[in-house]
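*Asks:* With chain A's structure known, arrange chain B on it following the hints.
Protein sequence lines, in the order shown, are assigned to chains A and B.
Residue numbering for the first sequence is 1 to 487, as defined by this note's numbering.
Residue numbering for the second sequence is 1001 to 1079, as defined by this note's numbering.
Worth flagging that the hints you see were computed from the coordinates, not collected in a lab.
Note that CB positions come from ideal geometry on N, CA and C, so glycine has one too.
Mixed in with the good hints, there may be bad ones.
So the derived label-pair ranges between C-beta atoms look like this [said to hold, decoys possible]:
hint: 1; chain 1: A; residue 1: D225; chain 2: B; residue 2: F1020; range: 52 to 62 Å
hint: 2; chain 1: A; residue 1: D114; chain 2: B; residue 2: S1007; range: 19 to 29 Å
hint: 3; chain 1: B; residue 1: L1036; chain 2: A; residue 2: P311; range: 36 to 46 Å
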Amino acid sequence: MSDGLDSLMVIFTEFYYWVTVVMMFLIHVGFCVYEVGASRRKNIQHTLMKNTMLIPLVTITFYFFGWWVYWAFPLFPLIETSLAAAPFAVPWSELMGTHMGGSVTVQTESLTADDTMYWARINGVFWAAFLLFSWTTASIISGAVIERIKTQAFLIIVVLVGSFTWILDAAWGWSWNGWMVQLWGFHDAYASSVVHGIAGGSALGVLLVLGPRLGKFAADGTPRDIPQNNPWFVTVGLFLIYTGFWGFYAACNVPIIDFNGPLVLANGNEAFFTATNIYLTPTSLSAITFNFLMSLSGGLLAGYVVSRGDPFWSYSGGLAGVITASSGNDLYHPIEAMIIAMVGVWIAYKMHHWVERKFKLDDAVGAVAVHGYAGFAGTVIAGFMLWGYPSNVVGGDIGWFGNNADGVAIINPIGNFLGAMLFFWVLGFLPCWILSKVLDGMGWLRVPREIELAGLDTHDYGDSFPYHAYRDTVMEDVDRELAKGQG
Amino acid sequence: MSTNVESWSDVASLGAIYPFPGIEWPLVIIGVLIWLAWHCWQIRSENKEYDDALRHYNEVGLDAALDHRGRHDSMVTHD
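Same shape as in the complex, but just chain A:
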């Protein structure tokens, strides 16, 4: 890189994504702290290690094939019938390693000199930003299934979700040229469904096969409230997730690009430098900062009201609020974002308790509700609120549900509803339900009954945490009745 301005833009972009990755790390710290707080003492270490070990497994598999999926599948199968070449994203590419941007000496892949220079700088941080989304998507499932799933099953499921299904949905609906964007006008800028909807659907698929924790439901079907071992850990964990979410939002943007230049519109007009979302349509960090904070606030306000001040659901409401508004938080007015967040929290809270009672579904931390139902609702709401906006910068008059005067597919309610359905049910629920059935058939899904009653921390790690006697004692009596075949 010898041109000063170009070099500065590329190296700024490299640094920008690197910072987002560090911030997003806090999401995983938050999930671990939060799940440890939500688990009973007898299961704490199992809960912690289950969620921790998804980090290396999703990371290496995302290196082996996840990154390639994102770049190979955007047009497949509805616009192109073959996969796109992605020579910088296959694990045997020189550009998937330390590289100075000179010639690719060993391979014969068709990369221009400019491509090589660009990807040599950006590939690692861009890969990592997407990878951290992978961790988040997979980790969302973790909380729902605590205290009875075998670690082995969870770690296989997270490879499927973290390194294949979610990144396939991102290729289709969360890239500048994905077929859902070009044909359906799909818009989900900060991943209401792209990350949260699919994760909620995945968790639901696993939960249906896994079943509730022993003692969660009384003999007459009444749900029991299994007390959290440490509510303060739960709330601190959720605070950490909020913090990491700043990085998540920033990572969803392209930080600086000439909107009229060759990489976007190429219209010959004077250069206009701006941030864009993943669809290369313009936004700014200021816009999304307004909306992030207003939707967080709306979610907290609504969570406090619907739960009558319960800390867990108030904090979860903040998260669900942001998730609901995320689809359109690049464009909403801040007060619109706040109101949409409140609606999403109400839906998530009511749905969680209705599904729990109706279907005896034991979602230990409300993950299906906070991420799945809120994400689904937010994507559908964005289809109405943003109806008529151009969804991307690719023309061609190929949108199924309307195009603007430039020939670009417009955002619309049908496209966003179909997208929400596809991600929650087809790419989320279905693959995880099938995989869970297979794992269950092999005896790999759920720990034996005796282990669950005595605690999953059977290993000789020793005690690691102060004993909150009252909270565990509440459920110990239930466990004893179950051990005797009663209750």
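*Replies:* Leaving out everything else, chain B in the frame of chain A:
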């Protein structure tokens, strides 16, 4: 041995700077094998852990196991 870089004097022409360029394919194969082998080891290890615990609970009775919950280090031995 191949460091792949003998001088920084013409940095603009440098491509890959990791040692032994050209062995990317073998590295990928080794990496995938390590990934799969790790799963196999983890599955066996976890199942054995539960089998050991179950054997112990059957010996002492589940009620006794519940009495000692949270102190399994004194109950279950692993070899």
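*Asks:* Now tell me, hint by hint, if it's right for this structure.
*Replies:* To see whether the hints hold, each was checked on the structure:
no., hint, verdict
1, A:D225 <-> B:F1020: 52 to 62 Å, "58 Å, holds"
2, A:D114 <-> B:S1007: 19 to 29 Å, "25 Å, holds"
3, B:L1036 <-> A:P311: 36 to 46 Å, "42 Å, holds"
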